[in-house]
Structure formats: structure tokens, C-alpha cells
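Novice: Protein chains in written order, with our numbering: chain A, 1 to 408; chain B, 1 to 408.
I should point out that these hints are in silico values taken from the structure, not numbers from a laboratory.
Here a beta-carbon is modelled for each residue, glycine too, at the ideal position from N, C-alpha and C.
Keep in mind that a hint or two might mislead.
Simulated pairs of lysine to any residue, SDA-like, Cα-Cα distance not exceeding 20 Å [to be verified]:
(1) 208(A) to 391(B)
(2) 208(A) to 338(B)
(3) 112(A) to 84(B)
(4) 208(B) to 293(B)
Some chain B residues flagged as far from chain A (calculated, every beta-carbon gap over 12 Å) [stated by the list, open to error]:
(5) 4
(6) 27
(7) 59
(8) 63
(9) 67
(10) 226
(11) 232
(12) 233
(13) 294
(14) 325
(15) 326
(16) 354
(17) 356
(18) 374
(19) 380
Number of protein chains: 2
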Amino acid sequence: MQEKGNIIVLGGDGFCGWPTSLRLSNDGYNVTIVDNLSRRKIDVELGCQSLTPIETIEHRLAAWKEVSGKTINFRNLDLANDYFELRELIAELKPQTIVHFGEQRAAPYSMKTPKHKRYTVNNNINGTHNVLCAIVDAGVDVHLVHLGTMGVYGYGTAGMTIPEGYLNVKVDVRGTDQNLEVLYPPHPGSIYHMTKTLDAMLFYYYNKNDGVRITDLHQGVVWGTNTEETLMHPALINRFDYEGDYGTVLNRFLVEAAVGHPLTVYGTGGQTRAFIHLRDSVCCLELAITNPPAAGERVKIFNQVTETHRVRELADLVSRLTGAEVRYYINPRNESAENELLVRNDQFLALGLNPITLNEGLLSEVIDVAAKYRDRCNLEKIITNSRWRSDIPLDREGATAPGVRQLV
Amino acid sequence: MQEKGNIIVLGGDGFCGWPTSLRLSNDGYNVTIVDNLSRRKIDVELGCQSLTPIETIEHRLAAWKEVSGKTINFRNLDLANDYFELRELIAELKPQTIVHFGEQRAAPYSMKTPKHKRYTVNNNINGTHNVLCAIVDAGVDVHLVHLGTMGVYGYGTAGMTIPEGYLNVKVDVRGTDQNLEVLYPPHPGSIYHMTKTLDAMLFYYYNKNDGVRITDLHQGVVWGTNTEETLMHPALINRFDYEGDYGTVLNRFLVEAAVGHPLTVYGTGGQTRAFIHLRDSVCCLELAITNPPAAGERVKIFNQVTETHRVRELADLVSRLTGAEVRYYINPRNESAENELLVRNDQFLALGLNPITLNEGLLSEVIDVAAKYRDRCNLEKIITNSRWRSDIPLDREGATAPGVRQLV
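If we strip away everything but chain A, and leave its shape as in the complex, we get (with noise of 0.2 Å):
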């Protein structure tokens, strides 16, 4: 295959970047992963790990050469703090594409305590900027693709199907209605997802004073865990999450069908999410990274999505499958009881993006990865301890009907 260039994969060691980075690789990009590996840091912290055993990110890299015979690189940077080293590495390899994975990613652990609250406005904005101020700085024509969230947009958006990023509007212009296109009014339902609206501040000030190429993907709740390539070898097994801060919602509830545990509904799980297979997530990617903005256009933005669906419907959906028991406990978020939520992702679809949906088989396929690992599953580590407000109970006992247990 052909070489196509280098590319930079910033977090590349996460969830999403180890499956985006073998898979950039073997379609013949020259791929460095940065990653300070705060991901598997956060896991001690927490006390507890991947469901999956996953391997050292020198052994990943190993495999890999071994059973593609592709070199990824790697090198231990953290975007917060190690500016210099950052700029000195984009202009040494020259990037065609910057993909941008690198932030704290989840909103429960955002919301744990103020020093969570910190480290995450900290690191996220601190990285995000030293990037772009450093693909400047450099000197270098880069496409940056950056993975943000559905969550920017806030929920309940009373009928209106949401746009991708961009909303058309009308004012009131000396008594004539003017169109506008303006960014989306973002509504952050946590500290993690306000610095997701920083980050897109951010990108539309150097987009507009710098020129530079931007992608943002507006990414929903990803489920799945395998690729193509993370099945090649067993050192490339991709990450897991199942506990109460980075386990998202289906993937948790698969887990917890595996090893026995109830359930874990918040509220009355009216919520309704976004969704994207994690297979479907990388091939989003790669259509992003194909078909970059050109010169002196504003930022892309997609929504990276191919389903909606209510909580309470995905866990009455698994507990069919495998009979697991279905609990409601109060819900540590502040936000809508109930939300609809439709969503456009026609541009990925006309880019050729053919949308894996929820289906018996895919779901199968992570109940028996979660079946297989169980024994490393630490139940005491599936209800969150966070909260989004001082106020909110904690509720480690769970309820059979939704809402008996915030009349208690």
C-alpha cells in the first residue's frame, strides 16, 4: 500500500484512538500516537481497570508491527503542559491531519469533586489551545480533527431537529427578518461538556484569525469494542469501561448483564442519547480525514451519530436478551427528566458512511467479550459516587420502579 503521509494522534492510547490509530495505519499512514497515558492513571485513581486485559502501550505497538509489520510511533507527551516538545514534533514530521482524541472524557468523572472540575477545564482548554497555537507557531498546513460531543448541543430542544453545528436563524434587523448562520447555542450539561464548547470557541477564533483547517465531530454515546484490527492479535485488545464514570450507557449495561449486576438506570431513563458503534466511529474518521476542509474554509463540523435511542428502552432491550433485572436509582445529573432528540448526520451518510445499528448479533458480541473478562469486573465500581450538585443523594440501592426512590 501506498504511504500516505504522516499523521498525529493525539490520545491515541483511549478507547477511540487505539482502534482510530491501527486502523490509520493500515490504511498506509505513517502514525504517532501521543499520549501522556492519563487514561490508565485515572484507572488507579479510581481503582479499577479495562474489563478487557489491556496490554502496555510499548507491547500494543509491538504486536502490531508483528502482525502488520506497520511501525506506529509513540511518544509521551502531555498537550496541558508540554508545549515546546508538542510544537517541535509538528513541525519535524510535518502532519497532513492532526486527530485530536487527546482531553478527559468523561462527564461524571468532570463532576466528581472541584478538583475534577479543575483538572478537567485545566487540561482540556490548556491542551486544546497549545495545539492550535502550536500548529500555527510551527509554521505547518494542518488538518485538525477534534472529537467533540452530541452533548454540546444540551438536550430538549422542544421538536427542533438539530443541525450539524450550524443553525439557521432570522433577526430582527431594523424591522426586516435577516438570515444568519450562526454556531449552534451551545448548552453544556456538564464540566466536561462546557470545555467541548470551549474547544469550539477556540476553533472558530484560529479557523477565522489563522486560517487553520478544522474538523469537529460531535460525537454520540459510543458502544461496541472491537475492530477489525484490534481482533488481529490479543496484545491489541481494545479498552473497556464499565464503571460509573467512563462507562457510557449501553456498554455498561451489556457488562452489567455479564456479571449479574441489576440494571444501572439513572432517573426515570427517559433520557434519549446518541449513538454510534465504535466501528462506525473509526470509519467516521477516516471519512473526515479524506475529505478535509479546503483553504480558507470555516470549521466542519459533523454530527457523528447513526441512532437515538431512550435509556429506559436500550435497558428493557437487554434485560429481553439476557434477563438481567432492571433498576432505577436517583439520577447524579441535572438535567430533563424526559428529552427527545433528533438528530441530522446526512453529511457522513453522503460521504458513504453505511450506518451499523443496534442489532442481537453486535449486542451479543460485547456480552460475550464482557462475559469473558468478569472476573476482573469490580462490582463495587459500577454505581458512580459522582454528583452534579452537592444536593443530590446518593443511591447505591437502586429501586425496581423509576422515581420511588427520590420520594423517599
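Following the hints, complete the assembly by docking chain B onto the known chain A.
Specialist: Chain B in isolation, oriented as in the chain A frame:
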């Protein structure tokens, strides 16, 4: 006068913070200034100083005690780094109001080098986030009054009158126009202005999630130098910036006229800016403090401006008054050459603000101050070395007509 409760003034040693602190102390509040003296240290970095001979903070406070009999307390804290000290101070004083001037506030300084960009982002965002996080962490019901800038709106709004923070728009929901009120879409003109748009999103989030009561003041360019209180004793004299980074346009022209330097108009001078006299700025702060948002109320946003003027018209006015030569320099900013600016300021007028508008008497007062201290002026520092992009040429010569230097 009756004791009115505790107020913390963050950045209370600065150009606006100092006269505000004196006024609030005079009004009967128990004022504590928090400042890390960063503005004085930046003077050292830039190799220049306030045109007026400002005293140390200790001498300032001793002079205030002498003339007023009132004590202003002082704590040297760095908002971006001294989180725990800040939280303890809030928990101890339980202030009714925190006034937040504590940010790097010069657009040209924020654009000088990557180091200055990164400092401005880190300092302003971590500082503002620490203040919000500490208020929630300390569990004190504080009204936070923040100094923002008109620059978050951007310029060139195509005939639209800029509202106060929130914009009414119509959006298409399933074929029917629905009315929405959104935060005015930000369009920041520099890294500094960008940090103020990020601040606005921090305020939006902490108000929504934690119910923090916040007023954000979008201030125009401040001119003038003295207030009633700063005139009460020579050691209370206020800072007066004239150099290329911190000297804002009208004050800079008045100093240039006093020291015999050509008036430095950048570009065509067709930029329209919003202005407010320092005395009105202090008056607006008092009005904001005495009219806080109620519990549960969204972020209050005021435009703190009294009039708008085109830069070249101000230059012509100062030239007529003083005989100074007007010179046109290549604009270091990346902005439209000409813009209109229509701004609402109804809220402060309704609260009783009686605007001081540009008049020859007040201009002469500033010229007199500038003339008195003209020997302290470093002529080498009047032209900025900052540029918004590395491809914008530096221009230390200027020309007698706009546009001439750009054609070279």
C-alpha cells in the same frame, strides 16, 4: 455611613479595579482587594510604566486610610493558581459580591507571541473557573460581577443594533418559525477577546447547574484617568497606560498629543468603537452591585458603554484641540477596515446612569494629566510590536494618509 457588608475586588490594583475599590469603600462596603500585581509585573516585562506615578499597593492603602478613615484589605493571590487560598477567603469573608477584574485585559498583549497567547488563555480561563468553582465549593451565595468586553460581539453586524447579551431569533421547527432567545453569537477579535467569550460560557454553565448569581458587564473602551476618590490624595493617583499594548485608543491619542508624538491611527481609522468614561464605569459597577440578579435568575448581561465613535474622527478631534499630527499605520489587527456599531445600553440608563459623553473639558483634563507627567513617557513604546498574524508587517513609520503604507 452604615456598614454594607463584604466585597472582594479581584484585580483591585488595576486601572478600573483601583478606582472601583475606592468608590466601594467610600460607599461603606468592607472591601478586600485580591491582586497578584501581574499588571505591574507586565510593566517590568514591557520595559515601561504607567504615565502617572502610581504608588505601591501598601502606600495606596495607607493613603486611603489617612484621607477616608477607612481600611481596604489586601491579599496577594494568583487566581489561576491559588485556588485553596481563594476558597478559604470566600468561606471566611462570605462576601455578598465579588467583583472580577482579575484578568489579562489587553488584546495586543495577548497576540504578541505564543507565550503571550498561552498565558492569556491559561490565566483568564483557569482564573475565572477557579472563582466560580470556589464560590460553589465554599457554599456561599455570592453575586459575581464580571468585567467583560464589547469585543465578544465582534464588529460589523450589518445594521443590527447589538442587544444586551441575549439575541431574539426565529428558528424553523417543523416548518413553523419559533422564537428563541440565545446568547449573542460570539465573534471574538483576539485571543484576549476569545477568553471573554469562554468566560461567558463558564458563567452560563455555573448559573444553570449551580445557580450562581452572575452579572457580566460588556464594557467599551474606557477613557479618562481620575475619579473623585483618586483625586483625594496624590498617592491615590490612578494608572494611566499609553504604550502600544495596554494604552487604549482615546487615552493614547491624548498622551501622544501631550508629548508631541503623531496620533497613531491603525489602518484607515474606520473602526467604530464603543466608549465609556472611567467615572461612568465606576458608576455602572455600583449600579450592578446594588441590582443583583434574584435567586434562580439567568446571567444578567449589561452593555457598559455610553457612546460610539470612529477612530479617525477621534483622531481628528484631538488634532483640532491640540494641533497634533495624525498618522496612519498598518493595522496590526486582523479586522474589517471599516465598521458600524450600534449598541443598546438601556438597562444602565434605566437604573439611573447619567452618561458623561465626550467633551472638550474632560479631554482637556486628560491632556493636562498627560502633560504633567510627559517626562515619564517612553516614546519608543508608543507603537505596538504586536501583530495578529505573522504575515502582517510591522510599521514604525506610518504615513500621512490611510492606506499608503499598505501599498508599499
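Novice: So, for every hint listed, does it hold in this structure?
Specialist: Against the structure, the hints come out as follows:
Between residue 208(A) and residue 391(B) the alpha-carbon distance is near 15 Å, which keeps this suggested pair within the 20 Å criterion. A hinted pair counts as satisfied when its Cα atoms are at most 20 Å apart, and residue 208(A) with residue 338(B) qualifies at roughly 18 Å. For the hint linking residue 112(A) to residue 84(B), the alpha-carbon distance of about 17 Å falls within 20 Å, and the restraint holds. The hinted pair formed by residue 208(B) and residue 293(B) meets the criterion: a straight-line CA distance of about 13 Å does not exceed 20 Å.
The Cβ of residue 4(B) sits about 29 Å from the closest Cβ of chain A, beyond the 12 Å cut-off, so the non-interface label holds. Listed as outside the interface, residue 27(B) is consistent with that label: its C-beta sits roughly 32 Å from the nearest C-beta of chain A, beyond the 12 Å cut-off. Every beta carbon of chain A lies more than 12 Å from that of residue 59(B), the smallest distance being close to 35 Å; the non-interface claim holds. Against the 12 Å criterion, residue 63(B) stays outside the reach of chain A, whose nearest CB is about 37 Å from its own CB.
Against chain A, the non-interface label of residue 67(B) holds: every CB pair exceeds 12 Å, the least being about 40 Å. Distance check on residue 226(B): its Cβ is at least 36 Å (rounded) from any Cβ of chain A, clearing the 12 Å threshold; non-interface status holds. Non-interface status of residue 232(B) relative to chain A is upheld: no Cβ of that chain comes within 12 Å, the nearest being about 40 Å off. Look at residue 233(B): its CB is around 40 Å from the nearest CB on chain A, clear of 12 Å, so calling it non-interface holds up.
Every CB of chain A lies more than 12 Å from the CB of residue 294(B), the least distance being 19 Å, so the non-interface label holds. For residue 325(B), the requirement that its beta carbon stay farther than 12 Å from each beta carbon of chain A is met, with the minimum near 32 Å. Separation of residue 326(B) from chain A is adequate, the least Cβ-Cβ distance of about 28 Å exceeding the 12 Å criterion. Residue 354(B), annotated as away from the interface, keeps every beta carbon of chain A farther than 12 Å; the closest lies near 28 Å.
At roughly 29 Å, the least C-beta separation between residue 356(B) and chain A is larger than 12 Å, which holds for a residue marked as non-interface. For residue 374(B), the non-interface assignment is confirmed: its Cβ lies about 36 Å from the closest Cβ of chain A, beyond the 12 Å cut-off. At the 12 Å boundary, the C-beta of residue 380(B) stays outside the reach of chain A, the nearest C-beta of that chain being 27 Å off.
Violated hints: none; the structure is consistent with every hint.
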